[in-house]
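Here is how the chains run, residue by residue.
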Amino acid sequence: MRAPSVYVIGTGTTRGKDLRHLLTTAEFRKATRNMAMAYLSIEEALASCPQAKESPQTGFVLGTSHGEFGATRDFLVALADTGVARPLLFQNSLHNSTLGFLSLKLKVTGPAITASNHHFTGENALETAMLLLQDGQCQYCIVTGVDTLVPDPVGGSAASLLLANDDGLNASQAQPLGVLDHLECVRKPTAGISSTQLHDDYYESDAIEQLVYAIRSGKTSLELPKPDASVSKMRWRKP
Amino acid sequence: MTVDITGTGAVTCVGATAQALWQAALSERSGIRGGVGEIETPSVRSKAVYLATEAIKQAMSNAGWTELHADDGLILATTTGQIPVWDKALVRFLKNQIDEKTFQQDFSAQPLGSLVDEIAAVLHFNGPSQLITTACSASTQALALAAMWLKTGRVKRVLVGGAEVLCDLTVQGFKSLQLLSPTPTMPFDEARQGINLSEGAGFLTLELNSSKALAHLSGHGMSTDAFHMTSPHPEGRGCFEAMSAALKSARLSPGDISWIHAHGTGSRHNDAAEGTAINQLFGESQPFTTSTKWVHGHALGASGAIETILCVEALKHQTILKTGGLKNADPQIPVKHAKENTQAELTHVMKNTLGFGGANAAIVISRAGAVK
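Residue numbers (our numbering), protein chains in the order written: chain A, 1 to 239; chain B, 1 to 372.
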């Protein structure tokens, strides 16, 4: 039996967006760079479907490979220098902290999961979101990939998709941008530990961003080679 | 179609096997020393990899699996992964005390997915893999995801579980939030002071329609509180939703649950919120609720898997465990506690977890043969 359809009904990225105005607001002054980037991309993705905002039928899967590394670094340095553990830094330091912050801001009450699997982080987040929708655990699902560069936590990016199943699409009357068909991750034999060295604009959860660009440019397939010679392949249909 | 648990393996502060964990819980022996549940291991680069592979070997042996095949799946759960491999190296590098090459060797363990890479390498496995890091609900969510992978035919079998190690980030971090207890925790007690962090690994093998089922994973539910970064909703709303969803998924009603294995961390907020949710869902006819964290502590991302293993043993032995460390039940928390370990007819057990970020997950585990 064919799996239920999953539709892309919104996309968002942070490329070209200025974070500074957001990070200085009262609402975001305790937020990290990851939290702000992810929020901007989600805000754009949600614009196409107001029904998904603050809905108990909305789930959230966030993929991040390096997580809140900046807050972790600051926590550890402060601890080493002063012997004092800073509670706000700790609160923001876990990989799941981004999801926790954004769930609050977006009032997500459906299932919410943080995925982190190195070069397949974005893909894992996407396939997990598809499963939640196909299993009927939510009608909409935000999928976000976000990472900053390490060990200097600057740069990086975030991108988001808003996905829906048949129930969500019918309820929202949003126009689907694509129907996700196939996602495959081909992992090459692991010979040891992969390097965290990043090159060009690559970041380990960027599959979501690459998918956003591919959908926006009218493509229907995407193949993403990884630094460790693995590859992911995605296919979707135009509605 | 049944999702079956066919093997279990655990390494905790009370012993190096799932049986040792069960016996410690049965005999009320706590592995908490100085407020934490630490495990002594040989000198290894990565304690997380060591604990995980030990638990995995047990689970696979238990299940009669000699290797993982290309159509199997691997799902891990953790909160901080291999952080002790690189946390001190990071500080030393930033202070110019070590060179970049030395630093990078350790820092390559920073992405949580490096844990998947290393374990997959040990298992010679290239198939589908995933790592969940939704704080204390991570391995319960991993179990739910494993069930979905099997039911959708994505994989034929799944090795799923969690691994967590003690580290400065979590020990000092939880301390800064004033959530730790210096003595063994007292879940649901009116004098409870907080959590005991611990380390450990718990892994399970899952298959569809197995003739060797130890128990069934018959339902799962997830929700989010959207209330606070580190505290649960005071009325346990998200926990209520997760348990309700798990019952619906299992096609059961509250009266079908024989026992609730709570998250029960011993924190004032968690136990109150969870207890409220349990009372709201199960009402006056609620079954006994137990927390076993006095025995093995709170292993964060691995806790769901480790405690699910206790649920499997409880079903096998038809025994409800009492809540170790509970002397005077908090009258404000309306849940029922068994005064002693109790022989009982256990059919369906609810396992709860509540995590930072308001992430709630609940699963239903059923006695072997109880579901078809």
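Calculated from the structure, these hints are not laboratory results.
Where hints are given, some of them may not hold.
To be verified - Below, in silico cross-link-like pairs of lysine-lysine (BS3-like), each with a Cα-Cα straight-line distance of 27 Å or less:
#1 A:LYS30 to B:LYS88
#2 A:LYS233 to B:LYS151
#3 A:LYS53 to A:LYS105
#4 B:LYS175 to B:LYS88
#5 B:LYS248 to A:LYS53
#6 A:LYS107 to B:LYS248
#7 B:LYS248 to B:LYS175
#8 A:LYS17 to A:LYS219
#9 A:LYS17 to A:LYS30
#10 B:LYS372 to B:LYS248
#11 B:LYS156 to B:LYS248
#12 B:LYS156 to B:LYS336
#13 A:LYS17 to A:LYS53
#14 A:LYS233 to A:LYS219
#15 A:LYS233 to B:LYS156
#16 A:LYS30 to B:LYS316
#17 A:LYS105 to A:LYS17
#18 A:LYS226 to B:LYS101
#19 B:LYS316 to B:LYS372
Just so you know, these numbers come straight off a predicted model, no measurement behind them.
Going down the list of hints, with the structure as the test:
no.	hint	in the structure
1	A:LYS30 to B:LYS88	26 Å, holds
2	A:LYS233 to B:LYS151	23 Å, holds
3	A:LYS53 to A:LYS105	10 Å, holds
4	B:LYS175 to B:LYS88	19 Å, holds
5	B:LYS248 to A:LYS53	25 Å, holds
6	A:LYS107 to B:LYS248	23 Å, holds
7	B:LYS248 to B:LYS175	38 Å, violated
8	A:LYS17 to A:LYS219	24 Å, holds
9	A:LYS17 to A:LYS30	19 Å, holds
10	B:LYS372 to B:LYS248	16 Å, holds
11	B:LYS156 to B:LYS248	25 Å, holds
12	B:LYS156 to B:LYS336	39 Å, violated
13	A:LYS17 to A:LYS53	22 Å, holds
14	A:LYS233 to A:LYS219	13 Å, holds
15	A:LYS233 to B:LYS156	21 Å, holds
16	A:LYS30 to B:LYS316	48 Å, violated
17	A:LYS105 to A:LYS17	19 Å, holds
18	A:LYS226 to B:LYS101	22 Å, holds
19	B:LYS316 to B:LYS372	18 Å, holds
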